[in-house]
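Residues per chain are reported as follows:
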Amino acid sequence: MDWTRYSNIGKRQPRIEGVGKATGEAKYTSDLKLPRMLFGKLLRSPYPHAKILNIDVNKALNLKGVKAVVTGTDIPGQKYGRFRSRRDETGLAREKVRYIGDPAAAVAAIDEDTALEAIELIRVEYEELPAVFDAEEAMQEGAPLVHDEYQRNICATRYFDFGDVEGGFKNSYHVREDRFFSQGLSHGALECRAALANFDTSGKLTIWTGTQSPYQVLRQLSLVMGLPATKIRVIKPCVGGGFGGKGELYAHEVAASLLSIKTNQPVKICLTREEEISFTRLRNPMTVYVKTGVSKDGIILAQHVKCIANGGAYASTSVLMIYNAGLTCLIPYRISNFKYDGYKVYTNRPVSGAMRGHGANQPRFAVECQLDMIAEDLDTDPAELRMRNASQKGDISINGLVFSSCELSKAIKEATKASGWEQKRGPKHTNKGIGIACGGFVCGARIAGHTASASFIQVNEHGGVVLLSGSSDIGQGSETTLAQIVAEVLGLSPYDVTVISGDTEITPIDPGTFSSRVTFYAGNATKQAALEVRQTLAEIAAKHFEADVKDIEFQDHKVFVRGRLDEAIAFNKLAYMAVSFGHGQSVIGKGQWAPQNTQFPDKITRYGNVSGAYSFAAQVAEVEVDTNTGEVKLLKVTIGDDCGQVINMLGAEGQADGSASMGQGHALLENILFGDKGQIMNPSLLEYKIPTALDMTDVSLIEVGLPDPTGPYGAKEIGEGLMISTVPAIVNAIYDAVGVRITELPIRPEQIRKGLKKK
Amino acid sequence: MGRERIVLNVNDEDFEVLVDPHKTLLEVLREELDLTGTKEGCGLGGCGACTVLIDGEPILSCLTLAVEVQNRAIVTIEGLLKDGHLHPLQQSFIECGAIQCGFCTPGMILSAKALLEENKTPSREKIQEALSGNLCRCTGYNKIIQAVESLIKG
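Chains as they are written, first to last, in my numbering: chain U, 1 to 759; chain P, 1001 to 1154.
Hints are supplied without guarantee of correctness; some may be wrong.
[Stated by the list, open to error] Below, in silico cross-link-like pairs of lysine-lysine (DSS-like), each with a Cα-Cα straight-line distance of 30 Å or less:
(1) U:Lys633 - U:Lys428
(2) U:Lys296 - U:Lys424
(3) U:Lys417 - U:Lys393
(4) U:Lys636 - U:Lys428
(5) U:Lys633 - P:Lys1126
(6) U:Lys636 - U:Lys527
(7) U:Lys59 - P:Lys1023
(8) U:Lys543 - U:Lys633
(9) P:Lys1082 - U:Lys633
(10) U:Lys262 - U:Lys51
(11) U:Lys573 - U:Lys291
(12) P:Lys1126 - U:Lys432
(13) U:Lys306 - U:Lys754
(14) U:Lys393 - U:Lys527
(15) U:Lys754 - U:Lys432
(16) U:Lys558 - U:Lys527
(17) P:Lys1120 - U:Lys636
(18) U:Lys636 - U:Lys413
(19) P:Lys1023 - U:Lys689
(20) U:Lys64 - P:Lys1023
(21) P:Lys1153 - U:Lys27
(22) U:Lys432 - U:Lys413
(23) P:Lys1153 - U:Lys689
(24) U:Lys758 - U:Lys432
(25) U:Lys27 - P:Lys1023
(26) U:Lys11 - P:Lys1153
(27) P:Lys1153 - U:Lys636
(28) U:Lys428 - U:Lys33
(29) U:Lys59 - U:Lys96
(30) P:Lys1120 - U:Lys33
(31) P:Lys1153 - U:Lys33
(32) U:Lys432 - U:Lys96
(33) U:Lys636 - P:Lys1126
(34) U:Lys424 - U:Lys677
(35) U:Lys428 - U:Lys759
(36) U:Lys410 - U:Lys291
(37) U:Lys603 - U:Lys590
(38) U:Lys633 - U:Lys754
(39) U:Lys633 - U:Lys603
(40) U:Lys410 - U:Lys11
None of these hints come from the bench; they were simulated from the model.
Source: prediction; values computed, not measured.
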């Protein structure tokens, strides 16, 4: 890959907003202050399932310093939800609470202490109802219904049946059936959720909130508040990480809005870490059943995957998550007979939603571990087995996914070579092991409704460039990536580009940051807008130089005719010339983009190319197991990655490091523990253990991708695809080290010791 | 118990504030002094986002009462900028890609500063240990460690 032809693309670009973050100047939602601002708190249900008979707020209202108390009966609008087909929330519960922590009321007061005291004074009369906590139990006839309209508590289901799975199994040389379990996880973003709502005297509701999708918040708020969307403005300040969890409307955003409308004062609600872990969203705890049939050479002939997700009390991202779980099974390998059953089940537990990988991680862990078991059964090298089945460029999968670019084979080759796979596999004298797993992901799945991204660029008379993007930088560096693209087109530096993102009044409509879509969609929209600006400026330059528009070059902050560099003028000067060009030329560009090669999946068969391109990765993990304690140390992760053309190499490495760490947490450290009433027993960062600096592992990222025909400059995604193969690579490495096969996550030292004892 | 008038020395400047005795240093810094660079990540001392330096030592301000730290030299992230110039750690964090969402950054930089002032040539293990109380969910710590290492001369 030729990195040298670009000035900005492919470079190691530090964050353009880096200084603000390094000096503490960057403002996150909880840092914001408005005059006369009030502080809000939520009252939450102590029962997993109960009718609300009565709420007495008088004592709370009479407490000095309390300005308003609201309950579900004050919600003016209708139910909302991430998807139109699953609108089941009102923010503050109406009639029924469905999990311990479900908000039933909210208070606004002059300070947090007063608000907390007021919460204690609210009297709620509940009538407890029978509750259900286990997903498979909840699906049985006769189980208590969390939502009356959903029979057997099945919130969402997806079903694929491609080819002839039974025939495939019949023709298989070897068939395995295994069961796996992946635990509930918390996103662990350092910034807890917060919202600042201000309902002004013109009847406009402005809400500042650390969200991944301002337009999602806008639409849902409009529904639940009964306010026209034209009267709502959502602004995303700096966000301290999201990882998929901050992409929906939340109760505290509804409560802050309602309280602000009631008091005519700004209201800020900041969640505590305990609320953040216990009462927002989790990664879906999931049981995965996999049945795979292979030929004598280890070619996958048929596969049946069944996923049962414990979805908790509300739908959240339901349909997309459970579809994604099945969809992503068909990316890394060529499988011609495939069946999928996915269920997201309602239970009286905290809600499961989207988290980095969004349903792909759990079945990937299952399939990749089973493939290793199959490799052993066939006495084949696990990396070789992957090679034989790897998807190739030009393939169209059985469900219609078109792999316009794919370097998975190269990724496997490079990752195994660089990690010393050959030498490290086989009989050992140490407790070290090496394991491999592969995965693939979408670059923004086609969803119902608005899927495209748009960008506006304006160049002012002094040459300042402003990019307005509806996308949301939640810490992953999208603003820097977009600035690099503008800089590439206009011959500038990313530091010359001011990026304004995530303000529904100013920036164009955008789906938001999820499904790894920002670089792919917003990047292309931004490139388009930048090219329009370039064209306008080039026409002015052409007149000035008396040359052809097509011979005008933009480089190093200069504009010149190709071959006449000595006559170059500064970019800023050209921008100023536009002022007196004709009647005065405004230099503005507009871009709007969605991949033209995608389809919304067929409603029955689910066939369809849902993404414009797919990323691929092969990950090799090396571990060392202490056979006395059962503890596992992750030594190194080597990643062969195909994300197409890398736009920010520093950013790509950062994503690789971060996702290896998150995968390490998923495999070895993190576990949401549920009590007997579905409540989360370890809602603190002391007890829910995310990796620390002491757990840091060596990560080596090897980029093997070629430019994709559809991505901006050929770029694909890197934010989610990497993490999904980390977990099984670690599990497989442990088996290689000490011969203990784990099928339930997280891997605990006790499980290793137990497994060693069995041998 | 009523409010107390206390004097806090923050970033070389004396501030007179009226506080409830139960208020933490974190709350007073953020709410009374508008120094919002110090963050609350958990309120229980588990994440390090609230780290400030008190007489050069990294201290969790969410577990410190404001009334306890009068007559001590408190340094927050805002105190590192001198005459518009970034501290070398701030510079290296930016250049090495050690900043993603930025929420852990202020606390992380202050912990690193305290380490480098005590030990000019820490080993990688010593750096990891010094930063072990500062959680980061975005970076996996690799580039943070590199940023600190890049300042070690010789």
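Hint by hint, here is what the structure shows:
no. : hint                 : verdict
1   : U:Lys633 - U:Lys428  : holds (17 Å)
2   : U:Lys296 - U:Lys424  : holds (25 Å)
3   : U:Lys417 - U:Lys393  : holds (22 Å)
4   : U:Lys636 - U:Lys428  : holds (18 Å)
5   : U:Lys633 - P:Lys1126 : holds (18 Å)
6   : U:Lys636 - U:Lys527  : violated (37 Å)
7   : U:Lys59 - P:Lys1023  : holds (26 Å)
8   : U:Lys543 - U:Lys633  : violated (65 Å)
9   : P:Lys1082 - U:Lys633 : violated (42 Å)
10  : U:Lys262 - U:Lys51   : holds (26 Å)
11  : U:Lys573 - U:Lys291  : violated (66 Å)
12  : P:Lys1126 - U:Lys432 : holds (25 Å)
13  : U:Lys306 - U:Lys754  : holds (28 Å)
14  : U:Lys393 - U:Lys527  : holds (25 Å)
15  : U:Lys754 - U:Lys432  : holds (18 Å)
16  : U:Lys558 - U:Lys527  : holds (19 Å)
17  : P:Lys1120 - U:Lys636 : holds (28 Å)
18  : U:Lys636 - U:Lys413  : holds (17 Å)
19  : P:Lys1023 - U:Lys689 : holds (28 Å)
20  : U:Lys64 - P:Lys1023  : holds (20 Å)
21  : P:Lys1153 - U:Lys27  : violated (34 Å)
22  : U:Lys432 - U:Lys413  : holds (21 Å)
23  : P:Lys1153 - U:Lys689 : violated (34 Å)
24  : U:Lys758 - U:Lys432  : holds (19 Å)
25  : U:Lys27 - P:Lys1023  : holds (22 Å)
26  : U:Lys11 - P:Lys1153  : holds (26 Å)
27  : P:Lys1153 - U:Lys636 : holds (27 Å)
28  : U:Lys428 - U:Lys33   : violated (61 Å)
29  : U:Lys59 - U:Lys96    : holds (23 Å)
30  : P:Lys1120 - U:Lys33  : violated (40 Å)
31  : P:Lys1153 - U:Lys33  : violated (42 Å)
32  : U:Lys432 - U:Lys96   : violated (53 Å)
33  : U:Lys636 - P:Lys1126 : holds (19 Å)
34  : U:Lys424 - U:Lys677  : violated (47 Å)
35  : U:Lys428 - U:Lys759  : holds (16 Å)
36  : U:Lys410 - U:Lys291  : holds (28 Å)
37  : U:Lys603 - U:Lys590  : violated (34 Å)
38  : U:Lys633 - U:Lys754  : holds (18 Å)
39  : U:Lys633 - U:Lys603  : violated (45 Å)
40  : U:Lys410 - U:Lys11   : holds (22 Å)
In the structure shown, a violation is registered for the earlier hints numbered 6, 8, 9, 11, 21, 23, 28, 30, 31, 32, 34, 37 and 39, in ascending order.
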